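K.L.:
Spelled out from the first residue to the last, the chains are:
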Amino acid sequence: MGSLQSALSFRTRRQPLCGAAFSFPSQEPKQMKRALSALVLVAAGCAHAGAKPASGPGAAQAPVPRPAAPFPSTYRPFPSEPTLIRGGTVMTAAGQVIAGGEVLMVDGKIAAVGQHVTAPAGVRVVDATGRYVTPGVIDTHSHLGVYASPGVQAHSDGNEATSPNTAEVWAEHSVWPQDPGFTRALEGGVTTMQILPGSANLFGGRSVVLKNVPSRTVQGMKFPGAPYGLKMACGENPKRVYGSRGGPSTRMGEMAGFRAAWINAQEYREKWDRWDREGREASKIPDRDLELETLAGVLRGEILVHNHCYRADEMAQMIDMAHEFGYRIRSFHHGVEAYKIRDLLARDSIAGSLWADWWGFKMEALDFTRANLALVHQAGVRAIVHSDDPTGIQKLNQEAAKAIEAGREAGIEVSENEAIRWMTANPAWALGIDDKVGTLEPGKNADVVVWSGNPFSVYSRVDRVYIDGALMFDRADPRRQPRTDFEVGLFPGEAQR
Amino acid sequence: MNRIFLSAAALALAAAPAAAQTVAIEGGDVYTAAGTPIRGGTVLIVNGRIAAVGAGIAVPAGAVRIDARGKWVTPGLFESSTELGLREVEQLDETNDAEIQDVTGQRRDNDQVQAAFNVSDGLNPRSMVIPVTRIMGITTAVARPAGSLISGQGVLIDLLGNRVEQMEVVSPIGMFASMSENVRGSVGGPRAAVTMRLREVLDDARAWARNREAFERNATREFSASRADLEALQPVLAGREPLVVEAHRAADIQLAIRLAREYGLKLIISGGTEAWMVAEDLAAARVPVIVKVLNNLPQSFESLGATYENAARLRRAGVQVAITSGETWKAYTLRQEAGNAVAYGLPWTEAFRAVTLYPAQIWGVADRYGSLDVGKVANVVVWSGDPLELLTRVEHVFIRGQEVPLVSRETQLRDRYRVLNDATRAYSQPGTP
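Protein chains in written order, with our numbering: chain A, 1 to 497; chain B, 1001 to 1433.
Hints are computed from structural coordinates only; laboratory data are not their basis. Everything numeric in this text was worked out from a predicted model, so none of it was measured. For each residue, glycine too, the CB sits at the ideal point set by N, CA and C. Among the hints, a few may not be true.
Covered stretches of chain B (chain A as the covering partner; in silico rule of three or more C-beta atoms under 8 Å from a C-beta of chain A) [claimed, not checked]:
no. : segment
1   : 1063 to 1075
2   : 1212 to 1225
3   : 1291 to 1300
4   : 1326 to 1334
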């Protein structure tokens, strides 16, 4: 992997930088698995280091400069023009539904939303009469690019199934930007998605949050400022994969594996914090470990935990483990039994990234109810419709519709305006980008979808998709229907679909 | 589960001719699937059959009356490709009665012809998957084998009853084979090896039929399949039982059509991802296609032409199309598939028929199934609105004239956890079994 720079220096707006490192010769000390006594060091050291000039013993030596985040985003919004979408039913996902409302986009941002807004002269006007306008759809759980179409073995890049702990791998290093699934998702209104490693491992690796734009490089898709996620997986998958390969072979073995890793991460974090506190002398810089960097990033609150888990009792174990080590779980994923512990999710503000109606594919997916999303929502949990599927991602609006109806059957009335948050505002929160996207509010990125009708109707289709104010998809204009390289020349004369 | 209900249903069905259950579904908009919709019509069910349909039908005294005003009344939905009743949990091989596997749980690649395998004996009428499916408006399904070059014979079932004989409508309903990339392993790879093997087996089946007596005397050459397999193929060779071939690549579909013509087979294409590209061939050969609508990704090199418009384009070319979910545990997404077909160009009536009347025609049971016509089996669903819309609720399901309670394991779990407190977690709550 050559000279990597510290992922710990990846900054988010809310999370102060706690650790530091710099580019390092190609030396990748493999797993320092010294199980020291659990040093519970939640938040220790962070406040003291920060970006302040170093002082103390090492002050004589010039502090090691903090490098920029590696593999930085090169995303730039596509060209846009001031645009006013008017006449449609505007579902802001921020509590308002405005019939015949107006959305003004200027310089890639939402400039104004309301019944009538003041638009600049020369603004491009889009008539959305009879149509619906919503924020861009966000999926917290996608494997586009890492399990690309065609799904041949050569494209199987989502599970580094060589060790139960591969916290050191980053999904972005597997993403193939030419996956045709990206364009299909765009046609389904998806503007942002989190690409996760698979669930073979306890720690699958880092996720990456992508803008759904055509790009030659992954860097060109990376959502600027989005925090990283860590994929964790409990239950049947890791023990199935590793049961005959040295373990873990049981759920209790999985828990032991998780906890041992967190103990190492605490030690690693303290080592770097100490170095930070003591002046960051180049001669004393600790060895880097990519695996522990990621886990320490979680302990510092810089990397968000996305935890694949089905069963209620297992989610409760994962919650207690998070308490033990002082990190937070941002979202459970799949959570087929989330409804059974919705009180625990609400208590700890853990989002539920769920399906509307998947079940039956394994034991831990047996106890489903179609009312899962509605029950979780009703309990005050941030409910999210997620896909985990290259087809499902195209129809998250339909998944939400099914869940609305299942809720109504159970006497839980979820309004369409609340349900629109299941695929916009709530996933934005789960990905730590809710200050930028997820609602139609002034100042937010102008990620906007114009639907041909009510998005919860099976007959509605996406007419237009704007990302940062730029028209990225237009059903009426073949020139605004991106195709990946893979699809070039497959069916001359018949390509349209 | 609903043992009480099932027992009652069993009794009723066992004594079907005597149980003069009469039901009148009154005042709904009746979408018969055959003719034009009847506003404010009545569907009269007597003895498990549809006795009358129309406006101004006289309701016999003593009939159970269902008020369907403002509702939609339709035939039960017909799912053409499932493993319902044959599998409980997908990853549990011990519950898999749809695929013949070897001792290691792998597909039996070396024994790729399982023509004699009829899934019927493995059907589990008490499968937990069945209530989950039928309360969403699906009343009839093809349960089929899978996994081999010739996987065996499927059956047509109604999703009701506690004995196989009660559920089964037709057995076998078809012989299931595959020319898809998923069976390459069974013939060592090439497509031409797939057809080579299919021809070998079909030729042997013909030869065996001509030389049965000699075969029994052990006076014939060796055949490349077992006696049971060769015998099972006779109705297929006679054109009485359809050969259902999973094929996706345009050229593979054309190949299947050629093969069917060669042997005089009644062919149904299943999957047919690129069928739209050879729609004229299919129409000319009168070969129907069972299509999963939500299939627009080039997931493999045999499906590069995947498009959501497949069903619409096929229909436009005059091909008969049935829509499938292609699912077992989520077979209830059938209506979502049909709804999306409408969104991608198929007229509503055609999409509706593609999950009711057309599958009944394709499977040869349109005399009894597929529409609300007098004399047909009373599989009827009352919906709160358009059945293809996902916000529409199922309000009543009748299978063979029996009303099915809208209860499944999934709704019972929901109700069990409707309130979270310690007293209700381990014990049944009022109103739940």
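K.L.:
Quick check: do three or more residues in the segment 1326 to 1334 of chain B have a beta carbon closer than 8 Å to a beta carbon of chain A?
P.N.:
That given contact holds, which follows from 5 residues of the segment 1326 to 1334 of chain B lying within Cβ reach (below 8 Å) of chain A.
K.L.:
Is the listed coverage of the segment 1063 to 1075 of chain B by chain A valid when you require three or more residues with a beta carbon under 8 Å from a beta carbon of that chain?
P.N.:
violated (count 0)
K.L.:
Can you tell me if the segment 1291 to 1300 of chain B counts as covered by chain A, using C-beta to C-beta distances under 8 Å and a minimum of three residues?
P.N.:
Holds: 7 residues of the segment 1291 to 1300 of chain B have a Cβ under 8 Å from chain A.
K.L.:
Three or more residues of the segment 1212 to 1225 of chain B near chain A by CB distance under 8 Å?
P.N.:
violated (count 0)
In this structure, the earlier hints numbered 1, 2 are contradicted, and the remaining ones agree with it.
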